[in-house]
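These protein sequence lines are chains A and B, in that order. Heads up: the first sequence begins at 477 in this note's numbering, then just goes up one per residue. Heads up: the second sequence begins at 7 in this note's numbering, then just goes up one per residue.
Since the hints were derived computationally from the structure, they do not count as laboratory data. One should not assume that every hint holds.
Taking lysine-lysine pairs in the DSS-like style, the calculated list, with each CA pair at most 30 Å apart, reads [to be verified]: (1) B/K163 with A/K617; (2) B/K147 with A/K604; (3) B/K137 with A/K629.
Listed below are several chain A residues computed to face chain B (Cβ distance under 10 Å; list not exhaustive) [unchecked claim]: (4) N565; (5) K581; (6) S588; (7) L612; (8) Y618; (9) E626.
Values in this document were obtained by computation on a predicted structure and should not be read as measured data. Just so it is clear, CB atoms sit at the ideal spot from N, CA and C, and this is done for glycine as well.
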Amino acid sequence: MTKTARRTAPRIALALLPAVLSIFAGCATPPKPRELEAYDLLRKSANLQDASKKSPDLVAGAEKMADRSREEWQSNDLEESRRDAIMANIKLKTALALSEQEQLKAKIQTLSAQQAKAEEEASDLSEKLANENEKLVLLQKYVEARKTAEADKQRLSAQMTNEQQKAQADHERLALQLASEQKIAAAQLALRTADTVDASKFAKAEYSAASDMLAKASAELQQNDYAGAQASAEVAKKNADKATEMAKPLYEQAEQASQNKARDEALARDASAISGADVRLERRGDLQRLVIAVPELFSKRKPEIANGHDAVIDAIAQLIKKYPTYPVQIIGYTDNRGKASELLAISAARAQSVYSALASKGVETKRLMASGLGGDDPRFDNKTAPGRAKNNRIEIVFLYH
Amino acid sequence: MTARSRRTLQLIVTAALCAAFGAGPRAARAGEEDDLQREIDTQRVSVADLERLDELKATGDEITQLRSWLDEAWNLRSKHEYDQVREVLERTRKQADLIRAKITASKLRAQANAREAGLADVRARIARTQKALADTIKKKKAIEGAEKTTTEKSADKSADKSADKSADKSADKSAEKTGDKGIAP
């Protein structure tokens with residue numbers, strides 16, 4: 477080889493290299509179509525098995541198309557390979573979508589069942605919650621009501637205690653008032669009692685003090701000063717009692733005197749009413765004497781009461797019985813004719829006859845004293861017959877102070 | 007008939023026969039083209055329907071692809087490549103089936119998701135209700151416990167008061183028996 481040829485040979489080899497490479501490239505397998513790669517990638521899907529079960533025709537068709545695509549690819553018929561790969565993709569995707577539909581339907585069914593169950597559980601729980609809430613509300617209401625009742629009870633208890641205390645205070649006040657009024661009433665009664673014995677007259681100072689204290693007690697009662705009223709009333713009562721005590725004997729004396737006087741006057745009036753009797757009043761020392769002189773009661777020198785004088789004797793007996801407090805003397809008198817001893821005996825016998833007659837009429841004999849004074853103490857002239865007749869008499873003497 | 011007339015008639019018949027034999031394939035080709043066009047139009051309309059059907063927009067890419075293939079079919083039809091047009095239309099039919107399947111699947115998926123969400127809601131509601139129930143029961147027990155304690159205390163107080171009253175009554179009775187009536191409060 478020449479030198480020139482040695483130099484040009486590498487150049488020629490270098491120039492031929494692309495052509496050689498392109499010849500090799502033309503003979504090698506063309507690049508895998510994108511669609512076929514996508515199909516192969518799709519085949520790795522986890523759902524392929526389910527898709528095969530669900531849509532076996534579609535999957536089989538897809539596989540067939542893919543195989544053809546591969547063959548076409550291997551045969552360098554790229555356009556055909558790509559088209560078939562696209563169809564294979566479409567079919568497989570459709571199969572996968574249908575499979576997914578199936579799975580989703582199953583899932584929806586499961587979820588629906590779960591949701592229904594959950595809804596039921598939620599409903600049960602809601603019902604339980606509602607029940608519990610209702611119970612809670614009732615419980616709260618009960619607690620509230622109990623608390624209210626407790627508060628009411630306490631309030632009423634306090635109110636009752638207050639009322640009781642108030643009633644107690646009222647009761648005590650009324651008791652004091654009543655006690656005061658009772659003491660004032662007692663003092664008033666004592667004062668009225670003092671009035672009955674004319675204490676204002678016979679115990680003037682004590683009565684006046686009692687009246688003043690009673691007025692004070694009444695004023696204190698009006699001012700609700702019960703203690704003061706009671707004290708004043710007690711003092712008033714003591715003064716009134718003292719006045720009564722002091723006045724009573726004096727009053728009784730005065731009253732007795734008044735009564736006696738009235739009785740004496742009544743006695744005198746009643747005695748004057750007896751027909752056939754002369755009545756006169758005499759005083760001998762302290763003694764007052766009402767003398768009823770009954771003349772011509774006896775026949776001449778006879779000691780027995782002559783007939784026809786029962787009326788006088790009855791009247792005298794009634795009078796003595798009507799005035800039972802008076803001691804009564806029955807004194808017989810005669811005229812002065814005869815011996816003095818005989819006259820005395822006759823007069824005594826006559827007095828005794830009257831005594832017996834009165835006794836027979838029911839007069840208490842212990843009140844009667846019979847005696848004869850004979851011709852002593854003539855009341856008329858013994859020189860004349862009428863005078864002597866009148867001196868022959870029985871005198872019924874009521875004695876009093 | 008004259009010779010001229012015969013020749014004229016022959017010419018007319020020949021022309022008619024020629025026209026008839028020449029127009030046949032052309033008319034057949036025109037019918038096929040129309041059929042393919044109708045098919046393309048029908049599929050285009052159905053694409054619009056599919057788009058409307060795809061409320062969740064789950065098949066946007068597939069529909070775009072379908073449109074491009076329909077355009078390709080249209081172009082091929084224009085080039086009178088009817089076999090290829092048919093092939094493309096077969097592909098678009100399958101693509102439409104795929105789209106329908108995917109739309110259905112997407113709807114079912116949405117439905118499943120909605121069910122899942124609903125279920126989750128219900129479970130959350132259950133959890134909330136369970137918590138509320140537990141809280142209510144706890145609260146109720148607390149109130150019942152407090153109430154029980156209060157009632158027991160009240161009962162104890164009542165018992166004490168009764169005991170006191172009984173003791174007072176006994177004391178009063180004893181005092182009455184012994185003649186010591188005491189002073190009422």
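Do the hints match the structure? See the list:
| no. | hint | verdict |
| --- | --- | --- |
| 1 | B/K163 with A/K617 | 24 Å, holds |
| 2 | B/K147 with A/K604 | 15 Å, holds |
| 3 | B/K137 with A/K629 | 38 Å, violated |
| 4 | N565 | 9 Å, holds |
| 5 | K581 | 6 Å, holds |
| 6 | S588 | 6 Å, holds |
| 7 | L612 | 5 Å, holds |
| 8 | Y618 | 8 Å, holds |
| 9 | E626 | 8 Å, holds |
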